[in-house]
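S.K.: Protein chains in written order, with UniProt numbering: chain A, 1 to 162; chain B, 1 to 193.
Because the hints were derived from the structure by calculation, they are not lab data. Keep in mind that a hint or two might mislead.
Unchecked claim - Reference listing, derived: stretches of chain B covered by chain A, where coverage requires no fewer than 3 residues with Cβ under 8 Å from a Cβ of chain A: (1) 34–43; (2) 61–74; (3) 169–182.
We put the beta carbon where it would ideally sit given N, CA and C, even for glycine.
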Amino acid sequence: MLIQMNKSIKSLALFMVLVLVLASCKSKKALVDAQPEPEPMEEPAPTPEPEPEPEPEPRDVRSAPEATLDTRLNNYFAAIASASSNDVANRNIREALGLFSNGTAPVLIIIYAANGTEDYDEPTDITKYLNYIKDTGNNVHRVKEVVRDPSGKIKELVLVKK
Amino acid sequence: MNRRYIQLLAIAFIAVFTSTAVMAQNAVDPNREKAIDSLALEKVKDLGKYIKIIGNKSTPYNEATRVMDRAEELFAPGSEMGVSSLAKEEIEYYKVREYFRRLMALNYDKVTIEWYDVHYISDLERQPDGRYVGVVTIYQKFEGTNGDKLAYKDTTKKDITIYVEKKETQIAGRTIEFWDVILGDIRVSETSI
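Generate coordinates for the entire structure from the input sequences, incorporating the hints supplied.
M.R.: So this is what it looks like as structure tokens:
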């Protein structure tokens, strides 16, 4: 009876070890999969005739905002929120809109971020967002990221709660 | 017999281990829930500020209309707002847009509306369909003045049902998931001087 029990315990231990080994193999495989594949060796090719380089196409630029742009936008938000009158707020809104490619540039607001995922408020546009600041006096977001069009105007804005 | 028992034990162990891992993955981050709570409460406070602007006699018509649009966007379609008065028992309910129009047209020289003590009376609870539902209470202080004379004044306690659900939209070709806060009916629960 005891011998049989010992055998069973041994087989359970063996099973657990097998599970652990399998799990560790899987992690290693994931690690291996994540590594970039080695670049294929290139055959030496005959030197081609030099061709004129094509003009690079204008592309959108996604970046953390430049210090000045960041500061300018945050200053506009503060000025609109604390404007002494509707006219002052509207003047600041008009000026701020000048930094954007158009008044419907999307604005994303991150309300929470953890473990590489971000939770957003309902997306809005820059005109509505600036008016929201005017109406509520809420200056609770700061600039996190801007996407600019080829002319340097902001075409998308990402904000995060201060 | 013992071998069978140990095998069953091993299977049970694996089942418990697996289900614990799955539960840990599905568990809602309490800080995320806190952020959603705070987002929803902020929307209610925003509504209070919009109502103040709409009721203010010095707000230009086009501004009031723009603000009405923003305020209406906060509500689920068909939502109603309760209106009470110290002069009568019954509470009347209007569709939110109609309520805003009537508020703007009130027959006073000056109208002051203030919302305060905005808080949850029923926390946001996750429903089986993934939506969150809760109830927020607010107190509204209303004053209508004609000339220098205070013509009417009351304080109303109102309960607002809030729905929060995850939705997605396309922004510049990307899919963005967001939390949509939607306000439902606003019911009057108390009216006092």
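S.K.: The structure should be examined with respect to each hint, and the outcome stated for every one.
M.R.: To see whether the hints hold, each was checked on the structure:
With 5 residues bearing a CB less than 8 Å from a CB of chain A, the region 34–43 of chain B meets the requirement of three and the coverage assertion stands. Interface restraint, the region 61–74 of chain B with chain A: holds (4 residues with C-beta to C-beta distance below 8 Å; minimum three). Counting residues of the region 169–182 of chain B whose C-beta lies closer than 8 Å to any C-beta of chain A gives 9; at least three are required, and the coverage claim holds.
Comparing the model with each numbered hint stated earlier shows that all of them hold.
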